[in-house]
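Trainee: Dock chain B against the given chain A, drawing on the hints supplied.
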Amino acid sequence: KAGVTQTPRYLIKTRGQQVTLSCSPISGHRSVSWYQQTPGQGLQFLFEYFSETQRNKGNFPGRFSGRQFSNSRSEMNVSTLELGDSALYLCASSFGLAGAQTGELFFGEGSRLTVL
Amino acid sequence: AQSVTQPDIHITVSEGASLELRCNYSYGATPYLFWYVQSPGQGLQLLLKYFSGDTLVQGIKGFEAEFKRSQSSFNLRKPSVHWSDAAEYFCAFWNYGGSQGNLIFGKGTKLSVKP
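Protein sequences, first through last, are from chains A and B. Note that the working numbering gives residue 78 to position 78 of the first sequence, counting from 1, and the numbers run on in steps of one. Note that the working numbering gives residue 60 to position 60 of the second sequence, counting from 1, and the numbers run on in steps of one.
Quick caveat, the hints were computed from the structure, so don't treat them as lab data. Any given hint could be a false lead.
Capping the alpha-carbon separation at 25 Å, the derived lysine-lysine pairs in DSS-like fashion look like this [what the hints assert, rightly or not]:
| # | chain 1 | residue 1 | chain 2 | residue 2 |
| --- | --- | --- | --- | --- |
| 1 | B | Lys-68 | B | Lys-114 |
| 2 | B | Lys-107 | A | Lys-57 |
| 3 | B | Lys-107 | B | Lys-68 |
| 4 | B | Lys-110 | B | Lys-68 |
| 5 | B | Lys-49 | A | Lys-57 |
| 6 | B | Lys-110 | B | Lys-49 |
One chain only, chain B, in its complex shape:
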């Protein structure tokens, strides 16, 4: 079945430390991949997206993600975390069928940042 797996429900990192959030997908072809962030009480904000081409994509707020086809992964990274990065992060892919489509989301990873 088509799905997105985010194996880490909750991660805590110290401010200034590096971050990697894991995402694995199951899909019949190379999907369009996304990372969204949701701050408490807010909607979803797009961090970055991968459609094709360079497998390392840059996003907003200093985030980047790397697509690895062999591992069916699209992990999100940030070299130095800021306290304002505390939020929930969702990996998603575009489930495309003809002229229809919708986003399939992972269950999310909640990031806490220690001062």
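Isolated chain A (complex conformation):
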């Protein structure tokens, strides 16, 4: 069974631009969560989507947004990029709503964003 797939794997943007990252969960998984990983802050929770609805949100500014489609695929968008947005963005999926479960998430390999 295929794992979590994230695209693109690497991308470079300049300040002020916007970016969209894509995540395809494991087949049958309906929950998609996003995490940001930086050397300074480590791994931080961005948001979780389940059944096309945002169910939980971390402490990030409104420039960070996401959505989920009916096939459970998810996208996250970052507008007006800042240098500090350079990070590895990890997507994770689970069968049910992660918050109602025990937190066992399956992670993709991430999208590495560099902002110049």
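Mentor: Frame of chain A; chain B shown alone:
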């Protein structure tokens, strides 16, 4: 505040030696605990998890971890390290609130293995 502390940023061990990575958590109740591993350029792979019951849990790749409530610890161990174990290891707990939840991660411990 709810948090996970991994006191060792970087550890180097010789191949074949034993390994113990430390993890302490701060949470209001007994949490669900996890250890993940991240190889360079890769995502996170779940090594093992503790939900309840036996405080010594076995995971993949020969790893085990022991939950000690009195010490708020969940240390990861392996009796004999292989060169392929070189990676970064993250301890995490499930921050549960009603129907919502998310993983709270430690800052990670980078493991280097000497031949």
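Trainee: Is the straight-line distance between the alpha-carbon of Lys-49/B and that of Lys-57/A 25 Å or less?
Mentor: holds (24 Å)
Trainee: Check whether the Cα positions of Lys-110/B and Lys-68/B lie no farther apart than 25 Å.
Mentor: The given pair, whose Cα atoms are some 23 Å apart, holds under the 25 Å limit.
Trainee: Lys-110/B and Lys-49/B: Cα distance at most 25 Å?
Mentor: holds (20 Å)
Trainee: Are the Cα positions of Lys-107/B and Lys-68/B separated by 25 Å at most?
Mentor: holds (20 Å)
Trainee: Would the pair Lys-68/B and Lys-114/B pass a check requiring their Cα atoms to be no farther apart than 25 Å?
Mentor: violated (30 Å)
Trainee: Taking 25 Å as the top limit, are the C-alpha atoms of Lys-107/B and Lys-57/A close enough?
Mentor: holds (20 Å)
Violated hint for the displayed structure: number 1, the only one.
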